Each structure stands twice: as structure tokens, then as C-alpha cells.
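Student: Each chain is listed here by its residues.
Protein chains: 2
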Amino acid sequence: MNIPSDLDISRSTALEPLEDVAAQLSIGPHLLEPYGRNVAKISLEALDELPAEPTARYVVVSAITPTPLGEGKTTTTVGLGQALRHLGKRSAIAIRQPSMGPTFGIKGGAAGGGYSQVVPMEALNLHLTGDMHAVTAAHNMLAAMLDNHLHKGNALGIDPHRITWRRVLDVNDRDLRNIVTGLGGRVDGTPRQTGFDITAASEVMAVLALSTSLQDMRQRLGRIVVGYTRDGEPVTAEQLRAGGAMAVIMREAIKPNLMQTTENTPVLVHAGPFGNIAHGNSSVVADRIASRCADYLVTEAGFGADMGAERFFNIKCRTSGLRPDAAVLVATVRALKAHSGRYKVVAGKPLPAAMLAENPDDVRAGAANLRKQIDNIRLHGVSPVVAINAFPTDYHSEHEAIREIAEAEGARVAVSNHYVDGGKGAVELAEAVVAAAEEPSGFQLLYPDSADLRSKIETVATKVYGADGVSYLPAAARSLDAYEANGYGNLPVCIAKTHLSLSSDPTLLGAPTGWTLPVREVRASVGAGFIYPICGEMRTMPGLGSHPAAESIDIDEHGQITGLS
Amino acid sequence: MNIPSDLDISRSTALEPLEDVAAQLSIGPHLLEPYGRNVAKISLEALDELPAEPTARYVVVSAITPTPLGEGKTTTTVGLGQALRHLGKRSAIAIRQPSMGPTFGIKGGAAGGGYSQVVPMEALNLHLTGDMHAVTAAHNMLAAMLDNHLHKGNALGIDPHRITWRRVLDVNDRDLRNIVTGLGGRVDGTPRQTGFDITAASEVMAVLALSTSLQDMRQRLGRIVVGYTRDGEPVTAEQLRAGGAMAVIMREAIKPNLMQTTENTPVLVHAGPFGNIAHGNSSVVADRIASRCADYLVTEAGFGADMGAERFFNIKCRTSGLRPDAAVLVATVRALKAHSGRYKVVAGKPLPAAMLAENPDDVRAGAANLRKQIDNIRLHGVSPVVAINAFPTDYHSEHEAIREIAEAEGARVAVSNHYVDGGKGAVELAEAVVAAAEEPSGFQLLYPDSADLRSKIETVATKVYGADGVSYLPAAARSLDAYEANGYGNLPVCIAKTHLSLSSDPTLLGAPTGWTLPVREVRASVGAGFIYPICGEMRTMPGLGSHPAAESIDIDEHGQITGLS
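Going line by line, the protein sequences match chains A and B.
Going by our numbering, the first sequence opens with residue 109, and the numbers climb by one from there.
Going by our numbering, the second sequence opens with residue 109, and the numbers climb by one from there.
It is possible that some hints are incorrect.
[Claimed, not checked] Part of the chain B face toward chain A, derived, beta carbon under 7 Å:
no.	residue
1	Arg145
2	Arg282
3	Asp296
4	Gly297
5	Leu652
6	Ile663
Don't read these hints as lab results, they were simulated from the structure.
Being a predicted model, the structure only gives us computed values, none of them experimental.
Cβ atoms here follow ideal geometry from the backbone N, Cα and C, with glycine treated the same way.
Start from the sequences and build out the full structure, keeping to the hints where you can.
Tutor: Right, dumping it as C-alpha cells:
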């Protein structure tokens, strides 16, 4: 089966004027602020104009524990949104904005794929409307004001060794991970060790994603904790008088970006927080708008259901107050085969040839992961739908094996061919989703705000990850005590662990049991509104490979981009 | 005289739809790409559609040597553009995009002022269409690819001690001036000393400003020299295979941004290179477009006529092939009084009270600077027009003193009240400019491409600055020899010296004589296309003051910005 490249499909799409795309959701042209011809921001006045109560069924797309190659969650999200329109539903899709660093690093673009893409893919993958850059600018202005505060006498008594605020850039640059700043002479600042993270890892990005309005964002930015005084008191952006200027820098970024799929379905692209040290979900503001003008709102949560979906439920929905009606679990033949433990899948390399042979037994041998992730959805009172994202190398017997596993768990299941066939290929999936979403939602948070931080961590670890318990390094325990004392104990937790296993050990496939979650350290995103325990090495600044994608990207003699995939 | 704040004037302006603004220049709506409601990019297809030959008289606005407070060159540029329309001319204005760092640092916005502003000033001063951010992203991707090249084995044999490419951010952050990167472990890069400049100081910004087309920009980006091998050979962005991806990142940034003045005059805002280590002029592309659809194109060149105008003539016009018809020299009572040497003007502080008393003798005592800058315009065969930018604290006798000095030199002269009265206040100036521009232009470059680098430097130093000669530190002499050997001897020179004196010593006012220009070192912007000898300390990353402007900037309960000035 030969289908054109994503870039070629994107270019050959007949784009509708965005006014027409918005009109599908009864969003009038007066609420659109065009950015170039094919992207528009939606004015926050939409929140005042639209009905106060949600009209949409709210569907989150998650996955089983993925291989390092990913299992096509974005393309399934897009395909489902397209298919719902084939069923006569007014559908809207909400996804994260991709980071530019990886676009020029290893993976090329991140706009879905095949005939279920967000278009134009160049706009999505490059700058979009500048929201990422605004996050970078706001984040680094706070860093400059913080170091300037030290330089100008440190009236707040900030302990230079307890500064937690680093700087950010949207680039894959390993050399910026660990740096010493403030060298030179007396007028050049205060020497200290620090570093850069990629912009997606910025707390400002998480703030953007979790804010419910411009005013709420202003308050959250002010609450950001940048470090601690010598007495251990937290120091905030507000104390540095930076919160207002940061909000001003972010005042356009808070407006969601409207684009369309290859079938002209409306897509809101907004915010792109990391999926490990942050919650990995697109914005609350986009969902607040789309949920009030669509019949169905389909959104994607990062990584597997233990990661993105758990945070979707317990962080994002806790903040927004929106109640999900169904959850899609993307499963692939290759991922289930990988969970059998019989193969080794490596990022950036082709699959082992043996994995491509017809072998439903391999699929069945990986069933435990799918079962556990179905449970993880049910834990939150939401109906799961298993979406088998079909690949040309799959066999019918292998799809059937997945179907049997899902049905044995009582979950709805459908094969989806959206990559090759667009929305038409996902109609069976859309029907299953509609059936699931029309059941009354029993959505419930996994833990109340009032539980202490250790119980929150332990609840997620034992109920979602399947751990026997949690262990804390002394520094982690001290941080938890300090955060409770600082009044942050009411925040939800965002556990930073590998996405390649239900456990904290990326080599443990399937549904590992008999293990303990080791919490190495704990940090706080007080502005965004969560505490994040760290279990394992979390890389917050990627590096480039020997041959970065950037080397192959160029413009041709007509000014067209080449090499973006 | 009480006039509202710049922000209030900007907000109270009746904005015209940009289609109507563009229509003044016969630029059709199909050539506009809207970015929000009040800014649009102009498609480069305009270059194909418009007449091949310039239709416009081309006017550059420069100044006498300014005080640290600046003498209102942008507001005069805007006022003149407005006034030309009062005379029935189709006028266009072209200016640089302000840098966000200083907006949140000391000076607030940079959009002109009073009733001669570019509006909306918030859009101009914050992000605009993201061109600055694109420069940051392209610049830093090259830096990451360079460090990654070292990390992955350094096949090109780059000498880590001879890397000249730093990183950039659009923020005032003194702590980033001198840093050590690549610390941490083996996978975290190669430890070395480097630093960040502000984005306006990036060579990528100078490339953006000097490129004549997208393809030309692509080639210039590839020619950027990032350092030298152990054998002393230059290493380019092309050799690192970064030029294509950089051009892709910059492919929207190359399109000029259309805005309007408080009187709806079209303004092209495009590129913002530094005025000392770079040429300090807005883009060639904007001028190529506007010169072919207006009767008058008014553009601003940074700092005094020895700096911005000299580079306008010898770098920008050399590149674009456009021929200027007149040059405006902005003069103020306060600047001429300062050149008397009788007062000390300090940035960020009020003028000495004694300077505000009526004193035409002080003005006459500062005449030498104005005379020399008039000469500097004439050196290039262009007609000078002295614009007396009126302040409410001026006296008629003081304006008359300036008029007498200018007329004694045979220059046209006019008092301009655009700040208070908008275009109406600059009609006398506009009439003088029209008279000057309608004379046949005798424009000539000061030196040919073929002159060697030392003669180019010496020509500018002796003819424009009034130096007796030039001295070179040994390192500077070695660099000049190396650049000639590398084949860069045909490039023009951009002499980086203080803008506060015609000389290289900022404390020497008036028109200093009997001094020698000391060239400390010489660097090359091979991609942008100039060699820059450095004479004195050039700060390429500003710091913040004790109370940065950011501390007072916020959003109010209606989401309106407050504190931006």
C-alpha cells in the first residue's frame, strides 16, 4: 500500500476558509483572529458568548503503554474526530502544539499522519502563532529578573543554591543542560550553576495548559515558585514583580489556535506541556470553548493511559471541572507483540523483521498491558473503547486477538484505518465511541484534594501502576514534608516516570507486579498547580543525533519546504 | 502642554482595516497575510507584481549625534510620513522592529510617540508576528548543530577555541553574557566558554535585514561563518548542513509586516539589527516593496548620521541598489546644548534644570556636530534636510539658532511639531523634504567594493568621523589580513563604535578633531555581508536596572495592558 508522504498529503488538501471551519461549531467570524491564511486564534470572548454548560460529549484518547516508536495516538485522535462528522456529529478535536526542537531533531513533524492529519502541517510544526515563543520569552524574563534580583542586592534573601527556576529554549541542545552563568566581571551577574530545559518542559507551558482564563493565568504565573530563601521560605514570581509582565507576554498565547484536519474538521491546537514532568495535555481553555459548541470533543492525552489519561482525569479535569464521557485506548499489533517481551523495539530503528510475521500468539502474550490500561480507565468511572490502529503489516488474526482480549474485559473495540482512509476508516471506532459516551458517565477523581501528598502518590502507584508500594529517598521525603508545610498539600500529583512501562523501569513490559515505586526527589509546579515526584532519570532537554532531521530540511527554488516529515 | 500617554493615544486611534491601508499603496488584499486584526505580512509575491522600477523618492531619517535620551528619530520618521500624505503624496514608512528585551528593561516601547506613533503599540512592542523569535530559533538551532558536531566527533576539525557563534535571546539578561556550557556528563556535550547576545545582535537578524529575497536569505544563511578549523579555515553554516533548516525557520520572517500610524499611513516594520555591531537599518525587502508602490518612502537609520546613515548608504543601499533622494537630520535643542559641553545628560535621569532655560548661545556652542553631520550626508551626494524636533520646553530663539546654523551650511531646515500635532505638525518639514528630494540625486558610495578593508575603514574614519587616522591592535591587524586572505576583502565595513560621539570616545562631544580611531579587534558577518571593526566596548547583551520596566507592566481586570510606555 503506497500512500503519499504526510507533507504531500498536507499540501494536496483542499483547505476550507477558517470562517467555514469555525462555523461548524457556530463560532462566528468576529471571534476569529487570523494568523496567516490557515490558522486563527479564537478570542476568549467566545467563553462569554457560548452557552454556559457543556454541549459536547467529552472523549479522551489515550493508549496502551507505547513502544519507543509511538502507536499513532494523534492520528487516531484526528481520525476519530473526522469519523464522528461522518456520523453527523458536530465534532471538534483538541491537541497539543508540537515542539520545534524535536521537529529539527529526530522525529520530524507531529501533526498526525496519512489522511488523518492536522493541516497545513508546516504551520503546525513551525512557530504556529508563536505561543511556544511566548512561553520561552515569559519564562526567561522571569529568570533574568531573578538573577537581576541577586545582582542588585538580593533583598528577598534568596538562597542561590536553592534556585529551582532554570531557563528554556525550544531547541534540542544537550550543551545547555548544565551550564554556569554570571561569569565575566562584577557587572555581569552572579556566577552559579544552572541550565536550560526545552520550552515544553517550562512550568509556564503547564500554566498555559491549565489556566481557565486570562485572569486565572495571571494569578498562576504570580504563584510560580522560583526558589527558596535561606530560611526555606518559597519565593514567587509575584514577589519578584514579574507576574504581570509575564501575563502581558502571554496575553495572545492564552487564545486557542484553530486549524483543520485533512477533512476540514475543526482542530484546536493549544499548549504543549511535557508528558513526564508535566501533565502532557492540551489546554483547558481550548476544551472549555470546544465543549460548549460541539456535539463531540475529542482530545488527546500524552503517552499511555497510566500517564496522560491519569493526569487528564486527576489534574486537567480536576482543574476544568469538565467530565469525560469515554476514553479511547489506542492499541497496535506491534505494541502488544512488544509487551510479550519477545522482541526489542528501538527508537529510530526499523522493527525486527520477525515481528512483522503473522503471529496472534505474540499479541495474546502482550495482553496484560492492554487489560491493565482498560482497568485504569475504569478506575475513573469512564467507559473504555479500544482502538486498534491498523498498520499495513498487520494480519486479520492479530486484530482479532486484540479484539478478543478487549471484549473479554467487557470493553468496546474497533479496528481503525484512518491513516489510509481518513474519517471513513474510523467510522467503526466512532460508532463504538458514541455508544460508550452515551452511557451515563460515572466519572470520579482518584483521590480528593484533601488527601495528603504521600497518599496521593501511593494511590496512583498502587491503583494505576500496579506497584506494591512507594519508597522515598530522604530528600524526597523532606521535600514532601516541606511542601505540606508550605500549604501545597492540596495539589494533585504528577508522577514523573518512564512512559515505556507501567512501572518506573522502562525495561519491564506487560503489567509488572511485585515492584515498588522509588521516588528519588519531589518538585513543585505551584503556579501550574501540581507536585511532581520524580522516579528515574527525566531528561528535560533533548540532544541531537549524529544526523539531525534539520540536515535534510530546506527550501526549494519555489520557496517550498522540503524534507519535513 | 498635556498630551495623553503613548499607550492611551494608541488605544484611541481609529484604526483602518489593513486592506484599506495597503490599498493606499495599491497593494491588493491577496498580498496580505493577516496576523491578528491589526498587523499583516506582505507576501513576497508583491515583488513580482509591482513595477520593476522604483516609483518612490527614497528618504532616510538620521540625526545629529544623539544624547543618551535619543532625539526622536522614530517619531520624526512617522511624522514625516504622515505629513507627506497631507501634501497629497502616497507615502510609506519603513522602520525596524523593536526588541522585546529593552521594552521590559529600561525604555518601555519604541513605536514613535505622541501623535506620530505606529499603532497598535502593544503589537509592535510585543512579539509582532514573531520574526524576532524566528531569528532566535534559527540562530540557536545553528548553535546546537555546531556543538552537536563537536560532540559527535568534530569531523570538520573545528577549533573549540575559535568558535565565534554564540547564542541569542530577546531578553535583557546580564547573567547570560559569559557562560560555560556542556557541563554535566559525557552525554551532555563539550565544556567550553561562550555566551548569549540579545537577538537584535544576531547575525541572522542582519541577514534578515539585508536579504533581497527568500533565496538570497537562504544563501546568506549558509555563508554564515561560525568559527575556524585548527588550520584557520572558516567553517560555515552550510558545512554544518544548517542553512536549509534555518531558512525554513525564517521563511515567514522574510515577509515585511504592515501596520499603520496614528493617521493610518502605511508602515512596514521589518527586522531590527543592532546599530553598533550591525548596520542598524530596517529590511531591504520592505524597501524593495515600498519603493515600488509609493511616491515617497521614508525610512529610519539607527543612531546619528555617522552611524546609521553611513551604513544606510554604504551597506544597505550597496546591497539593495536603491538610491536615496534626501536625508533628514533630526536635531533637538537639547542635543545641541549637550554638544556645547556645558551639561551632562544621563540616560534614565531628567535633564539638568539649567538646560531648560532659554539659551540660544548654548545651542550655537553645539553647532559643530550638526555641521559635521550635514557634511556626512553631502559626502554621499544626498541633499540634507535638518528637522528640528520641537519639545514643549524649547524657545523660539533656540529653534532660530538651529535654523541659522543649518542655513549657513546651505541645508534646508524646518521645525517639526509632529509629536503634538501629528502629520499637520510636520508639513513644513515635508515640504522641505520634497524640495530636497526633487533635486537630481547625486548619490554615491563612499568607497568601492574593490578597496581593501583598511582603506575602507580609513575612509569612513577620516571622512565621516573626522579622525586623523586609524590604529590597529595586533589582533585586529591579523584578523584583517586573514579576512582578506579568506576572500572577504570585498565586503563593506560596519565600524562598531559609540553612537554618543562622532569619535570613538563617548565623552568627546561636538565634532572632535586630532584623534585616532583605535581598532581593538575585527569580526566578520560573512552571511550578512560586512566586516565589523570594533572600537571600544560594545555591549551585545543589556542588563536590567534596579527596577526594570517589567515590574510596572501588568494586565488589568479587563485584560488591558497597563504600564507599557
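Student: Measuring from the C-beta of Arg145 of chain B to each C-beta in chain A, is the shortest one below 7 Å?
Tutor: 6 Å, holds
Student: Under 7 Å is the threshold here; is the Cβ of Gly297 of chain B close enough to any Cβ of chain A for the hint to stand?
Tutor: 3 Å, holds
Student: Taking 7 Å as the limit, does the beta-carbon of Arg282 of chain B come near enough to a beta-carbon in chain A?
Tutor: 5 Å, holds
Student: Hint validation: Ile663 of chain B versus chain A, beta carbon distance must be below 7 Å. Holds or violated?
Tutor: Holds - the Cβ of Ile663 of chain B comes within 7 Å of chain A, reaching about 5 Å at its closest.
Student: Against chain A, is Asp296 of chain B within 7 Å by beta-carbon distance?
Tutor: This interface hint holds because 5 Å falls under the 7 Å limit.
Student: Less than 7 Å between beta-carbons is the criterion; does Leu652 of chain B satisfy it with respect to chain A?
Tutor: 4 Å, holds
The structure fails none of the hints (numbered hints given earlier).
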